[in-house]
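Can you make the complete structure from the sequences, with help from the hints?
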Amino acid sequence: MYVAVKGGEAAIEKAHRLLADRRRGDRSVPALSLEQVAGQLSLAVDRVMAEGSLYDPDLAAMAVRQSRGDLIEAIFLIRAYRTTLPRFGATRPVETAAMRIERRVSATYKDIPGGQLLGPTFDYTHRLIDPDMAGDHPVAPGALREMAGDAAYPRVTDILNDEGLIEPDVASDVEPGDLTRDPTGFPAGRDLRLQALARGDEGFLLSLGYSTQRGYGRTHPFVGEVRIGLVDLEIDLPELGFAVNIGAIRVTECQMVSQFKGGGENGPRFTRGYGLVFGQSERKAMAMSLVDRALRADEFDENRVAPAQDEEFVLSHCDNVEATGFVEHLKLPHYVDFQAELDLLRMLRREHAAKTTAETDRQEAAE
Amino acid sequence: MSRADKKPGRKRSLDAMASMPAQLLSERYGTIAAAAPRAIPVRGPEIGAVMVRGRIGGGGAPFNLGEASVTRATVKLDSGEVGHAILLGRDLEKARMVAHLDALGQRTEWQPVIEADVVAPALLLETAARQRRAEETEATRVDFFTLVRGEDR
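Protein sequence lines correspond, in order, to chains D and U. Per the numbering used here, residue 2 is the first one in the first sequence, and the count goes up by one each step. Per the numbering used here, residue 282 is the first one in the second sequence, and the count goes up by one each step.
Among these hints, one or two may not hold up.
Stated by the list, open to error - Straight-line alpha carbon distances no greater than 20 Å define the calculated EDC-like cross-link-like pairs of lysine to aspartate or glutamate that follow:
| no. | chain 1 | residue 1 | chain 2 | residue 2 |
| --- | --- | --- | --- | --- |
| 1 | U | Lys292 | D | Glu240 |
| 2 | D | Lys262 | D | Asp159 |
| 3 | D | Lys111 | D | Glu164 |
| 4 | D | Lys356 | D | Asp344 |
| 5 | U | Lys292 | D | Asp233 |
| 6 | D | Lys111 | D | Asp163 |
| 7 | D | Lys356 | D | Glu368 |
| 8 | D | Lys262 | D | Glu368 |
| 9 | D | Lys262 | D | Asp299 |
| 10 | U | Lys357 | U | Glu407 |
| 11 | D | Lys262 | D | Glu303 |
| 12 | U | Lys292 | D | Glu235 |
| 13 | U | Lys357 | U | Glu374 |
| 14 | D | Lys262 | D | Asp163 |
| 15 | U | Lys292 | U | Asp398 |
| 16 | U | Lys357 | D | Glu240 |
| 17 | D | Lys332 | D | Glu10 |
| 18 | D | Lys111 | U | Asp424 |
| 19 | D | Lys332 | D | Glu14 |
| 20 | U | Lys292 | D | Glu96 |
| 21 | U | Lys292 | U | Glu362 |
| 22 | D | Lys111 | U | Asp372 |
| 23 | D | Lys7 | D | Asp338 |
| 24 | U | Lys292 | D | Asp237 |
To be clear, the hints were calculated from the coordinates, so they are not data collected in a lab.
Structure follows, in structure tokens:
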């Protein structure tokens, strides 16, 4: 017999009302504006866009505000919203070589053509809480320095390519797989893996990347280059017969250079891992590139011995919306399931007790 | 500017208008629309998404990076010219204005007006904004130097 139990509606309504109240907090404090969230918590907004897999700073700022700063909740909101949008098409692949650079560093070449540009980085700060952050002190604008000629920032991998020291990109225009449209099967192509990693949880990928450094699927990596900046989005409009620029987005790209593999017709050369993420997030882009490289184990005849090399493990668990859904559903009513478990357990205990009594009787009889 | 100047006119205008801040576009559009033939909506403006693609390794095969919200609109003039717009973001009004200007831009009497009042200022603004950002980044360039050590003397 199945009995539906009702009665939560009033409590749910009041709970949501209380949530709205707590979210707003002290009414004598001005409410957060979207400009404040998008402008001053921009890296939180970037993370929500990246893992929500929808580039829209205003919407991500709304989601951060609505979720009270719970970023995984905000990512969930963005994911839900994006499913309501009709897909108008796909952009041409972004040209990261033509990025309008805001930061670009290489750990492999000091004198990389185009130079080392630190940009707005936390690196080299002392990680001491700044008392000024408690107030609203005037902040000087960034310094300016005239450009020396036409700035060109070749990818570090292209520089190594000149000598044949590194595996090259194999250009193609194959239509990529799309995990939002088709269920993921294994083995998955590198296109699908990168799509999954690009929207994967930063913390999960960070830990997996870290695990490869500590020896679980060791790849001995160097940051060939990290670059952050704006890239133009171009889309072909069939109505017009040419591609138009629809605007620019900020992305972070990481080229991880890993230890050489070798022989064959090409001789030993460096291998690579790649990271590309919406917004400014070099931690995520670096972690992504480490995991991308680890997941290429089969390509380089490496034994798959570590979690980061196991694509089914990585791809099935890197999505924080899926993960939070399955973990958090445990708190929802499981009264009937649990009742069934209880019944089963009571039966087992009755049987156990009966058996124990019978054995005791037998022993006593024997003595 | 030099690269933009070589683009065919219509693409150059659409690209420039996409980059223009909505507020400024709206001001310029208001003046033009007051005197210009009206736009008949054909499609939208409507909000949707495009899949943003990257390339594996930066230069290899394409992969799907994630989506971006966009707004598109198509309008028509009484005289038959059709204007299109597709822009990053969710600004319905901006898409409608750009589509209208795109349609008007195909009429010889309106093309120079749109060029002078909208496209040229948009390009100037964008160039200045890019220049400023580039100079801010340039200021953070590392100038390595080597210290001459005593034993080299």
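Between lysine 357/U and glutamate 407/U, does the CA-CA distance stay at or below 20 Å?
28 Å, violated
Restraint status (C-alpha distance of lysine 357/U to glutamate 374/U at most 20 Å)
Since the Cα atoms of lysine 357/U and glutamate 374/U sit roughly 16 Å apart, the hinted pair holds (cutoff 20 Å).
Between the alpha carbons of lysine 292/U and aspartate 237/D, is the straight-line distance 20 Å or under?
The hint holds at about 11 Å.
Hint check: lysine 357/U vs glutamate 240/D, CA-CA at most 20 Å. Holds or violated?
13 Å, holds
Satisfaction of hint between aspartate 163/D and lysine 262/D, Cα-Cα up to 20 Å:
With a Cα-Cα distance of about 18 Å, the restraint between lysine 262/D and aspartate 163/D holds, given a limit of 20 Å.
Lysine 292/U and glutamate 96/D: Cα distance at most 20 Å?
The given pair, whose Cα atoms are some 18 Å apart, holds under the 20 Å limit.
Proposed proximity, glutamate 368/D with lysine 356/D (alpha carbon, max 20 Å)
18 Å, holds
Regarding the pair lysine 292/U and aspartate 398/U, is the alpha-carbon distance no greater than 20 Å?
With a Cα-Cα distance of about 17 Å, the restraint between lysine 292/U and aspartate 398/U holds, given a limit of 20 Å.
Restraint check for lysine 356/D with aspartate 344/D, where alpha carbons must lie at most 20 Å apart:
18 Å, holds
Given the hinted pair lysine 292/U and glutamate 362/U, is their alpha-carbon gap at most 20 Å?
16 Å, holds
Is the straight-line distance between the alpha-carbon of lysine 262/D and that of glutamate 303/D 20 Å or less?
Status holds; Cα separation ~10 Å.
Hint check: lysine 262/D vs aspartate 299/D, CA-CA at most 20 Å. Holds or violated?
12 Å, holds
Of the numbered hints given earlier, the model fails hints 8, 10 and 22; all others are met.
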